[in-house]
Structure formats: structure tokens, C-alpha cells
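Same order as they appear, the protein sequences are chains S and C.
Residue 257 is where the first sequence ends in numbering that gives the first Met the number 0, and the numbering goes up by one at each step.
Residue 393 is where the second sequence ends in numbering that gives the first Met the number 0, and the numbering goes up by one at each step.
Hints in this document: simulated from the structure, not taken from any laboratory.
It cannot be assumed that every hint is accurate.
[Said to hold, decoys possible] Cross-link-like lysine-lysine pairs, in silico, DSSO-like; alpha carbons within 30 angstroms at most:
1. S:182 to C:26
2. C:7 to C:133
3. C:176 to S:182
Each chain, written out:
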Amino acid sequence: MSRIENAFKNGKAFISFLTGGDPDLETSEKLIYAMDKAGADLIEIGVPFSDPIAEGPVIQEANERALAAGCTTDKLFDMVARVRKNTQIPLVYLTYINPIFTYGKEKFMKRCRECGIDGLIIPDLPYEEKGELIEICREYGVDLISMIAPTSHERIAMIAKEAQGFVYCVSSLGVTGVRTEIKTDISEMVDLVKNTTNVPCAVGFGIATPEQAENMAKVADGAIVGSAIVKIIAEHGKNSEQPVFDYVKSMKEAVMKA
Amino acid sequence: MSKGRFGKYGGQYIPETLMNAVIELEKAYDKYKEDPEFKEELATLYKEYAGRPSLLYYAEKMTKNLGGAKIYLKREDLNHTGSHKINNVLGQCLLAKKMGKTRVIAETGAGQHGVATATVAALLGMECEVFMGKEDTDRQALNVYRMELLGAKVHAVTSGTQTLKDAVNETMREWTKRIDDTHYVLGSVMGPFPFPTIVRDFQKIIGEEIRKQMMEAEGRLPDAVIACVGGGSNAIGAFYDFIEEKSVELIGCEAAGLGVDNPKNAATIANGSEGIFHGMKSLFCQDEYGQIAPVYSISAGLDYPGIGPEHAMLHDCGRARYVPVTDEEAVEAFEYLSRTEGIIPAIESAHAVAYAMKYAKELPKDKIIVINISGRGDKDVAAIARYRGVEIYE
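Same shape as in the complex, but just chain C:
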């Protein structure tokens, strides 16, 4: 079996043209991940530029209102650029720079990863091009302009379903065209090895901070960590440090769109099957002939037909469980958290909030749950208004 496996999942299913690029990336990563100077530089960027550590906030009003488990929010929304995406992008861009790359390319769904990549490219003086599905450039127009403002070139992808999946296709195609000076900053724990490992390692700081902050606040570990899952980078980041701690329940919330029984959903664990796509063996929403399904979610960031290979493994072995959350539940949670705590979460993160609202009520008051608020919701305000029938123009 080839390298980079998570159980039977993972691997390197990519064109020969890209093989030397991923081998070179793996070698560079192995070298720099233990390099004190690299680690120091990244730690400084996390602290001075991204604003880490992000807060672990006790949501007292929400806790009292729901009347069950004690709820903490991991505030990744407070990071520079407004989401957890910056953790991975700082790591990968710094690595790319060490490798002598002068240009970065990236896919983006909601625009969070694209904005983070454009931001760090500006900081490190690298050329940046972002690929975004045409449907997403329409529903996240503000983020497109934000990336352009940061000096990136944004390509609206018009092939296929014109969403995140197609943005990944197009970025992979672009990488095969120009490899020498270009690094593909993959935005989630997916794609060919070593990306799922590299992205996880740059995101695992979320869980490490939760552990430390929770020990300070409560003197013990949480009972559950809840995060939304598209490709799964914020979730793996929050989960990873707790995988060996069997008392900590790990719960991923996937986008069920109009419902798991409605064709318009993106719930890969609920509806997907084993397949090989975007460089990895994992679970995918697909038909009997292996045609990738045109998935749907109100959240552009979760609107993806697959899931990272490590999540597929955690699901199979039962270490993490994955629950579907509909558009309607996510929008209600978006509004609830805004009103109750004065925190507007990204519509992606609202999927985790929605499940936590249900689950907290089922638990006694001495239990503690942490919700990873992976991003802030400013980008979603217009879309939520439209969902509620209010015509707002950005």
C-alpha cells in the first residue's frame, strides 16, 4: 500500500505530472517541521500576526438558556482574516517560501481560505491566484473583492457545478500547468498525501489550545468537542489533540442542506460511499457509476462532496461521530448565537452550534462541551437576510 494512509483511506491518486511536486513537498515538510528556526518563525506569525492563541470563551448566557451542559466557544473567528484558515495558510506559505516557491494558488469555497491565502501571500511577498466556483463568486462577492484588494487574482470557475469541487479541479489543473515556481495551498485536510497530514498538523494548534485553556478554566478536559465538517480542517484541528483521550467525545457536523433524504445536501458520512477522487481514497457523495454528485448546502464552505481521509477513518473506527445539520437548523443557530451571545458565527460554524444546541440540552449540567467557532459570520449576513426574504445588496 502506498504512503500517507489513514487506515484504508488517503493515498496519492494524482497525475504523474504532479508526483514529483508532492514528493518534494513531503521532503521539505519533513525537514522543516522539526527545524527550530521554522517553528519559531511560524509561532511568531501565529502570535503577532494571526492573534493566537484564540480565546476559549464560556458562553454563560447560552448555557443558562439551554439548561444543560456547560458550553465553551473556541473563538477561531477572532483570528486575523476571520477564520481558522489562517493557521494552515501561514504554515504552508512559509513552507513554500522555504522551498523557493514564488507563487501560490488556492481553491476556495466560501472565500475564507482564498482570503487567508491572499493575505499571507501579500505578507510574504508572493504572487497569488485563487480559483472559486462561479456560483460562489456570486454568493460571496465581497470576499472576491477582498482578495483582489489583497493583490490576488481571482478566477471564477465555470466548469461542472461551479462550486468548491470544481474550484479544486481547476486549481489542480492549474498546478499541472505551472509547477516549478508554484505551490498549491490546499485549504483542507484532503487531497493527495502529504496535504491531509500537513494541513492537520498546522491546524492541530486549535485542540492543543483548547486543552490548555480548559485545564486553566475548569481543571479538566471537556466531555465533547463539536465542529463543522466540509473537508474537515477545523474539525481535525479541534479533535486531533483529544484522539487518545477516550473520555472526550468528538462530533463532526456535516451540511445536510435541505435534509439528508433530499437530493440537495452535502452530508458525505450520511450519504456517501467509498471512492477515489481529488487525490485521495475516502468517502464521497456519488452515484452507482462513481460520478461525483452535485451537492448542495447554504454554506459554500461545506458544499463539498467528500471528506478528508482521516475523518473517514475516525468514522469507521467509531472514534468520532458525524451528524447531519440542515440549512434551516444552521440558520436558526446563526441567529441564536448572534442574539444570545452577541457573536455572529460563520454559517459553516453555525452547523456545529446547531447540533450543540440540541446536544447540550440532553446532557447534565456538570458536563462540558466545546464548540469550535471556525469563522465569523460577517460574510454570510447578506445570504442569511436573503434566506429570510430580506433583499440586501452587498
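Excised from the complex, chain S in its bound form:
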């Protein structure tokens, strides 16, 4: 069983995000341990990028902070390699395609395998462009995680059929960021996935409160939270460990109630 499959083994999963290197790599490392201890089932690490077009202001600013603090793809891999020595929690990168392409696709995947990155979420690599990476991902045992959106409709079956790891259900139109209300019929999206595949579905975009997480976990296999956590990190900086631990713990408890 792969590490990503493990994430969905113990009931509903809570997937927790942080931007790598925000505010610095030492803090990111500590935050990953804190999230792990607090019960996160999988951790998504954002590879900082100059132009993250799928992100709202909160994560855009985290990308800017991380780059300004000197985080690079190489330094981030080194940090992940250290983390991997201390925990078996599934780790995936959220990255745009250009940092992978420019680094060298094969070199990037080799480093993923060496450092213990289990999968990749790439917001600007839709189904039609998967060919860019799919073979090299397979060769190095890195799952290429598919996304589906409220606008996907008839595309869902096609995407789900080839899904690996888990399916990332984008809850709402627009970019990442906290929302007061999620209007999309998530259960309909999840049903369309489930008609085709047994790969788990996790819902992300806009989730911030335990109630929202619980509601999403009721209709899917897990909930993904990014901006709400990044906000805490933006506020507390190097002293984010405790508040992030408390928040993740409350969110994991909420999804377990679902």
C-alpha cells in the first residue's frame, strides 16, 4: 500500500497545506511535524512560484514571502529529505508546471523519489497536458494527482478513469481562499468520480471552519485546507507551531465526526 493510500485508511482524511519556506524552511519543517502530530493524514507542500495563477491573495503572499526568504526548489527538496527521516506521513507537492519543467522533469522526479515526495498536484497541468509528465511520474513512482472542478461536468469520468493517489475536487469557482459558503453540489461531483474509480476524493478550496470540513468530509473522503492555515502562519510567523497544531487538531476531529 502506498503512503497516499494510507492517508485514507483511517476514516475521513484531513489534508493540510503549507507553502514551503514560508516564513522560512526551518519553520516549515517544524510545522510539518506539528501537523503530523495533530492528526493530519497527508501534507501538501506548496513549491513557491513567482506567478501562482490558481491562488488567491493569501497563498500568493506566502509564495512571495518564501521566495524573498530565499527558498529554492533544491533547498525545499533538502528540507523534505530531512522530514522524511522522521515521519512516514504522505507528502505531496503542490507546484506549477514551470518549476518542474525548468528544473528538468527527470531530475525533479528523481529528487521526489529520493526525498520521499509521494505525489504532485499541478494546477496548470490539466488532463489534456498530462502527457508532459505521466510516464516519468510512473517511472519514479510519483502519483500525478488529478483535479476536477465545478465546471468539469462530462470531463469527470474521463479524468477519474486515469486518476492516481486521490482526486482533488475543487469546491468552487475561482482561486484558493477562505469562503463563507460553498455552493457547489459536491456530492454530485463525488458520485461521478465514484461511478468510475475507487480512488479517494478529497475536497479543497474555500474550507476554513470545522463545520465546513465536516460537511465536505460527509460527502467525500477528505477535506483539504490551505489558505486558512497559511493565514495562521502569516500571523504568527516563526511561532506558528502551537496555533497550527491546535487548528489542525480541531479540523481532524471535525472530519472524523463526518
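With chain S's structure known, arrange chain C on it following the hints.
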């Protein structure tokens, strides 16, 4: 390999949320591009509203002064709204309207594309929002007010480098928020397929007219066509009809800012490398980790870290060549054309004029070159004055 490739470049590297929108756009375009009624409507708008065909003007004084090749100017600056941008905007807005869209959004650098979009939205009764980098709303304040006057809402983009690249980011983000009633009028031959193809097709009229007008004036094709390149829409428009005519040299002039060896430049062909950004695989100014470079040019319209995928292909196969032109050379050409021919070109177009001034001198008198004057320079007068140390307030 996916759809919409120019050699290895192009593609559709965009969020899943937008995929159905670009598929729907492609289908609609395929349907309407051959539709006689659509073609007739667009032709009428080009003629009656935009003022096409634009003139091909023999620049006699400039030719004599430089003493080399015969120089013609393709006067896209005479189009309604003052640039070639209207060609694409009329096509896309008409298409969007046929698709049932009631709202258009657009990015803009210098403001030319934003003004054209606001204009056509007003004409066709569509809601319009324009995204413009904060740095550009400052240096092109007049164009901001012009767009507002036309009924558009202008958003100053404060993320990243606050220029054209960030305006594109923000317009793409806005499109993912509201898709059903909204069309993104992309302003150049870039972005995900089908945009590079659609924009080229709406701009290729420039080259088709050059061919016809040149045959009338000289009875033969030109020896070179020279245009400025940011994303590359006026250049591809001028080049496209001549790609199969191997005797016609195609030359793109990119913005070298303070110089190609100075970090403050936007010369993608000279300094860029292969990458994937803004929906396309192409060449980009970027660092070793794929972080997009904060580029610079005096020209807001050329201040972009990438180039359209078809240009990247034309460069690779050697069919077109691309030369860097500095701020200083462009400003000198801006002043030269104003004094010599009484034509004030856009600072973007002045990059093409600058290279043509050098190149014409190298050629014998029986050669003919065409410079695409993609836009007029009224918008740049205050910035050029400031560049020359004259404090003018708009």
C-alpha cells in the same frame, strides 16, 4: 501531444476550471470562422468602424534621409482607438457575443488593448472589466481614464511586479471566478490554445493588406517586414501572409530595455529559455528554478517576460529573426519619425522603427522594407518627455 501546437510550443496549460471554457471557445471559433454572416459582420466593422484598410505609406523623406532601402509604413496607428489591437478585439467580442457572453474581461499593458476592448464592449453593449498593473496605471494614467470614459471598470493590479504579466495573472484568476457569462479577450498571440490561433487569425489582415497594397504600389512583394514583438500580435499579423514567401525577410524587434546584458530588459528571444507559463509552452525570461523574471522596458506594451508560441517556433526554424532594441534606440526612433515624417509612433512601434533605421542603411536602394507602425504615440508623449528630463503632467 495536446492540441494547438506550433512545433513543440503552445498547448493548454491552464487550471481544470477553465478547460471547458477554452473547449467551448474553440468549437465556437471553428463554427463562426467559416460562417458567411459572421465574416460579413466582421468585415463591415473593420471597414466602417475601425477604418480598414489602414494605409501603406511610402516614407519618402525617411528613405532619402537614410539613403538605403525604400521604406513603407503600415499605418495601424490610424485605426480607430489608435492601434492594431482593435482588429483582434472586434473579432473576439463579436465571437463572444455569438456565444451568448454578456461580459468581457481583458488584461492590458500600455492600455491599448484595454482601450480597444472597452471601446468594442461599448459598441456591442457588453459589460467590460480591464486589469492593468499598478505601475502601468501610473505611467498610462490617461488610458485609464479613457477606458473609464468608455464605461469599463479598471482594476489596478498590485500583485507581483505590477505590470503586464501580473495583469494577465489577475485576468486569468478573474476568469476562473466567473465563466458562464464572461469571455476573456486575450490581447496577444499567447495564452492557452485556441487564443494564439484566434488572435493571429484576427490580426493576419495586416499582412494581407500589405501584400495587396505593395503589389499596387510596387508590383512586387517587400524584401523585409519589420514589427515590434512583446507577446507578438502585431508582428504575427504582419508576418503571417508572408511565411510561405521565402524572399520576404521577417524581423521581430524585442524590447532590450537598458540593454540585453543589463538585468533590466524584456528581450525574451535573446535571453529567454523554454518554459511553460500563462497557458503555453514557449520561451520566457526566467531563472534556473523557473521563477518568471521581473522584466523591464520603457514600453509598457512590450514589458512582458514571454513571447507567443508561434514566434518561438518561427525563431527556432529560422523563418523569422528577432533583434533586441534598447530604450534609448526606441526613444531616438520615436523622435526621428516624429520629426522626419510627422508621424508620432507608439513607443512599442518605435522599437521596429529603430531597427529599420539601422537595417535600411545596410540595404541597397532597390530593396523595399515595410515597418508595421502598430500604434500611435500620443499615449507616450508624457513618458518620453520625462525620459528626456522634461516634467510634463498629463
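Each hint, compared with the structure:
Between residue 182 of chain S and residue 26 of chain C the CA atoms are separated by roughly 29 angstroms; this keeps the pair inside 30 angstroms, and the hint holds. Between residue 7 of chain C and residue 133 of chain C the CA atoms are separated by roughly 34 angstroms; this puts the pair beyond 30 angstroms, and the hint is violated. Under the criterion of a C-alpha separation no larger than 30 angstroms, the hint pairing residue 176 of chain C with residue 182 of chain S is consistent with the structure, at around 13 angstroms.
The structure fails hint 2 only (numbered hints given earlier).
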